[in-house]
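Chemist: One-letter residues, chain by chain:
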Amino acid sequence: DVKVTQSSRYLVKRTGEKVFLECVQDMDHENMFWYRQDPGLGLRLIYFSYDVKMKEKGDIPEGYSVSREKKERFSLILESASTNQTSMYLCASSTYPITEAFFGQGTRLTVV
Amino acid sequence: KNEVEQSPQNLTAQEGEFITINCSYSVGISALHWLQQHPGGGIVSLFMLSSGKKKHGRLIATINIQEKHSSLHITASHPRDSAVYICAASSAGGGADGLTFGKGTHLIIQP
Chain A
6 DVKVTQSSRY
16 LVKRTGEKVF
26 LECVQDMDHE
36 NMFWYRQDPG
46 LGLRLIYFSY
56 DVKMKEKGDI
66 PEGYSVSREK
76 KERFSLILES
86 ASTNQTSMYL
96 CASSTYPITE
106 AFFGQGTRLT
116 VV
Chain B
33 KNEVEQSPQN
43 LTAQEGEFIT
53 INCSYSVGIS
63 ALHWLQQHPG
73 GGIVSLFMLS
83 SGKKKHGRLI
93 ATINIQEKHS
103 SLHITASHPR
113 DSAVYICAAS
123 SAGGGADGLT
133 FGKGTHLIIQ
143 P
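Protein chains in written order, with the working numbering: chain A, 6 to 117; chain B, 33 to 143.
Honestly, the hints are just simulated from the structure, not real lab data. This structure is a prediction, so every number in the text was calculated from the model and none was measured. For each residue, glycine too, the CB sits at the ideal point set by N, CA and C.
Label-pair restraints from in silico Cβ distances: (1) B:Ile-92 - A:Glu-105: 14 to 22 Å; (2) A:Asn-89 - B:Asp-129: 21 to 29 Å; (3) A:Pro-102 - B:Ile-92: 22 to 30 Å; (4) A:Tyr-101 - B:Asn-54: 24 to 32 Å; (5) B:Thr-107 - A:Gly-21: 47 to 55 Å; (6) A:Asp-6 - B:Ala-108: 25 to 33 Å; (7) A:Arg-78 - B:Thr-107: 35 to 43 Å; (8) A:Asp-33 - B:Gln-41: 32 to 40 Å.
Listed next, the stretches of chain A that the computed footprint assigns to chain B, with coverage defined by at least 3 CB atoms under 8 Å from CB atoms of chain B: (9) 47-61; (10) 102-116.
For lysine to any residue, the following SDA-like pairs were computed, each having C-alpha atoms within a straight-line distance of at most 20 Å: (11) B:Lys-135 - A:Asp-43; (12) A:Lys-60 - B:Asp-129; (13) A:Lys-62 - B:Ala-128.
Kindly produce the complete structure, drawing on both the sequences and the hints.
Modeler: Written out as structure tokens, the structure reads:
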């Protein structure tokens, strides 16, 4: 019973491309999150959304934007991909207040 | 903001050994999550718990709310258990800081 689905497990893109990472949850959760994972740095928050069309910057928003047009879908956008955005990206969703949280399987993005 | 500490950072053990990974957090939480990530692979949710103990196969997760501590145990460890294990704390207050992650424990089980 998959609850949080990320559109791709692996993605290879070229420098300068516009990249969309999609995340869909089927639990009617208010909160959705995008993180990136890098060796030695752990998981860092890029953006957070607490409602449709509402967003907050996380710790490392530079080079990223997000879109939440529908409650179930939260998209992470790399406007012009760069090699330093090569990373594992993880989506999560939760209730508000957070009584439960679920995680996607992650997307490994390589920018060449 | 919650601080989540995991120990050990790295652990190498022999097949069959009993494994314990620890996670402590600094403020009250609504739930504690354990995640597993195999080398080059995706992230899998193992457990979400807010009290007591949960068991799935050879994996057992426990939490002590008063001591702000959780453990992940693996019985009869196997090389396929080799992975990074991450604990994450969710805070009832929600918000951008609502999920806080440990840095992960890199486990290697040698045959």
